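**Q** Listed below, chain by chain, are the residues.
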Amino acid sequence: MHLDHSHDGPAAVSADAHRPNGSRRALRIGLGGPVGSGKTATVAALCQALRDELSLAVVTNDIYTREDAEFLLREAVLPPERITAVATGACPHTAIRDDISANLEAVEDLEDEVGPLDLILVESGGDNLTATFSKGLVDAQIFVIDVAGGDDIPRKGGPGVTTADLLVVNKTDLAPYVGSDLGRMAADAKAQRAELPVVFQSLRSKGGVRDVAGWVRAQLAAWTA
Amino acid sequence: MSRAALLVLADGRFPAGGHAHSGGAEAAVRAGRITGAASLEDFCRGRLHTAGLVAASLAAAAAAGVDALSLDAAADARTPSPALRVAARKLGRQLMRAARATWPSEELDALARAFPKGAHQPVVLGVVARAAGLGASDAAYCAVYESVSGAASATVRLLSLDPFDATGVLARLAPELDRVADRAVESARRVAGEGVDALPAASAPLLEIGAEVHAGWPVRLFAS
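From first to last, the protein sequence lines are chains A and B.
Position 81 (the first sequence) corresponds to 81 in the numbering used here; numbering is contiguous.
Position 97 (the second sequence) corresponds to 97 in the numbering used here; numbering is contiguous.
Treat the hints with care, since some could be wrong.
Computed Cβ-Cβ distance ranges for the label pairs, DEER-style [what the hints assert, rightly or not]:
(1) B:Gly135 - A:Ala194: 48 to 54 Å
(2) B:Leu7 - A:Ala187: 47 to 53 Å
(3) A:Arg24 - B:Pro205: 44 to 50 Å
(4) B:Gly32 - A:Leu73: 32 to 38 Å
(5) A:Asp152 - B:Arg113: 50 to 56 Å
(6) A:Asp112 - B:Val8: 26 to 32 Å
(7) A:Asp112 - B:Pro82: 17 to 23 Å
(8) B:Asp76 - A:Ala194: 52 to 58 Å
The set of hints was computed from the structure by calculation and includes no laboratory data.
No experiment lies behind these values; they were computed from the predicted model shown.
Built from N, CA and C at the ideal position, the CB exists for glycine as well.
Modelling step: build the complete structure from the supplied sequences, incorporating the hints.
**A** This is how it looks when you write it as C-alpha cells:
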C-alpha cells in the first residue's frame, strides 16, 4: 500500500520509491562498518569519482561529533548544502535500523533543497559487526571493514559481513604490515556470502575506489531501469 | 479507548526519534546538576511540573479536537528557547511520519500538509492519539511519561547510571505523573470556553538556557 499516492501529503512515510510529486526519488545507499575502517574515506572517494556524472548528496551519522561531516566539508568533495549530519544519541545502529525517522527526514530534506538527486549516500556512525541498515531507509548497503581490524573478521561473519549487498575490505596496502592474509579473508568472505560481491581496495592508490564506484553505477542503472 | 493502542504509542521503542534526545539531561549532567539517581529524580520532577505539564496540556487539548494551528502557536509562545522549538518541531515531524504509517488518518495527513517541517511534538501527539482511537487523558499520560522517561534513559547512557536505579526514579514519580496528567486534562477541558490561554505556561528557565548552551557544543551525544 502506497499511502502517499492517495493524496498530496508533504512527505513519504516509508521507503516508497516515488516522491510526493510523483517523480522517482534518489537511490539511497548505506555505508556501515566498524570505527576507523574507512567509511568516510570511501564516501569521499565515491563523491570525487561520481560527482561529475551524478547529482549526489551525503548524510552522515556521527556518534557524538560532527567530525565525519566536517571531514567531507574540509575535503570539499561536495558543496556544503549537499552534506547533512544527523545526531544519533549514542546509538548509531538505532538511527539506521530501529528508528530511522531522523535519517529519512535528512534524505527528504536534501531532495527538497538541492534536488533532483540521483544518489544519496547514508554513512552510519562507526559501530559493531551487527549493524545493518533498515530497508525502509536504504535500497542497498555497503559494509566496510579493513585488513588492520583483524583478518578473522570475514570468518566471524555477523549480519554486516554476511548480508550487506557489497562487502568492502579496505586498506589492503596495510596487509603486509599487520600480518593479514588477504587470500584467507577472501575465502572466508566467499564462504559467508556465497554469491554476494566483495571488493578489496586501497584508497592510497589513484583510482582506488574504482570497483566500488562501478558497483554503485550498476545499482543506479538497476534503480532507474 | 484501547488500552493496548496506548501501550503501542507510549512504548519507548515507538520509532519516532526520541532516542536521540535527552530532554535536557545532557546539559544538566555537564553542569553538575545530575550526578546520580537522587539528582536525576529532582531533575525529572522539575521537568514534569513545567515542560511536562505544558506538553501534556497541549497533547490533551489536541486529542480533544482543539484546533491544531492555535495549539501550535500556543506551544511556540510557551517555548522561549529557539533550540527547543527546533527540537520540538523535529520530533513532531518524526512522530508524524511514524504515526501516519501506523494509524493512517485524514486528520494526520491534514496536519502534515499544514506543517511540512513539523508541528510541536505534543500537538502532533494529541492528534496521533485521536488517530489511534485514544482520548485526551491517554495523550496526557503519554506526554507526562515521555517528559521524564527520555531524560532517565539518557542519564543511564551519560553517567553509566545503574538502569534499575533510573527505572526506580520513574516508578517513584508515578503518583505525580497521575496528578499532572489529571491537571493537564482539566486545563484542556477549559480551552473550549476560555481559549488556549487556559493552558498552563509553566516554564523551566534552566532547561531553556541549558538547551541553548547545549546546541552550541561541538561534541555531544544527544541532539537536545
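**Q** Using the beta carbons of B:Gly135 and A:Ala194, state whether their distance is inside 48 to 54 Å or not.
**A** 53 Å, holds
**Q** Confirm or reject the claim that A:Arg24 and B:Pro205 have a C-beta distance inside 44 to 50 Å.
**A** Given range 44 to 50 Å: holds, Cβ gap about 49 Å.
**Q** Cβ-Cβ distance between B:Gly32 and A:Leu73: within 32 to 38 Å?
**A** 33 Å, holds
**Q** Hint says 47 to 53 Å; check whether the CB-CB distance for B:Leu7 and A:Ala187 agrees.
**A** 49 Å, holds
**Q** Starting from the range 17 to 23 Å, see whether the pair A:Asp112 and B:Pro82 falls in it by beta-carbon distance.
**A** 22 Å, holds
**Q** Taking the Cβ atom of A:Asp152 and the Cβ atom of B:Arg113, is their distance within the range 50 to 56 Å?
**A** 53 Å, holds
**Q** Lying within 52 to 58 Å: is that true of the beta-carbon distance B:Asp76 to A:Ala194?
**A** Holds - the Cβ-Cβ distance for B:Asp76 and A:Ala194, about 55 Å, lies within 52 to 58 Å.
**Q** Could you say whether the range 26 to 32 Å given as a hint is met by the Cβ separation of A:Asp112 and B:Val8?
**A** 30 Å, holds
In terms of the numbered hints stated before, the structure departs from none.
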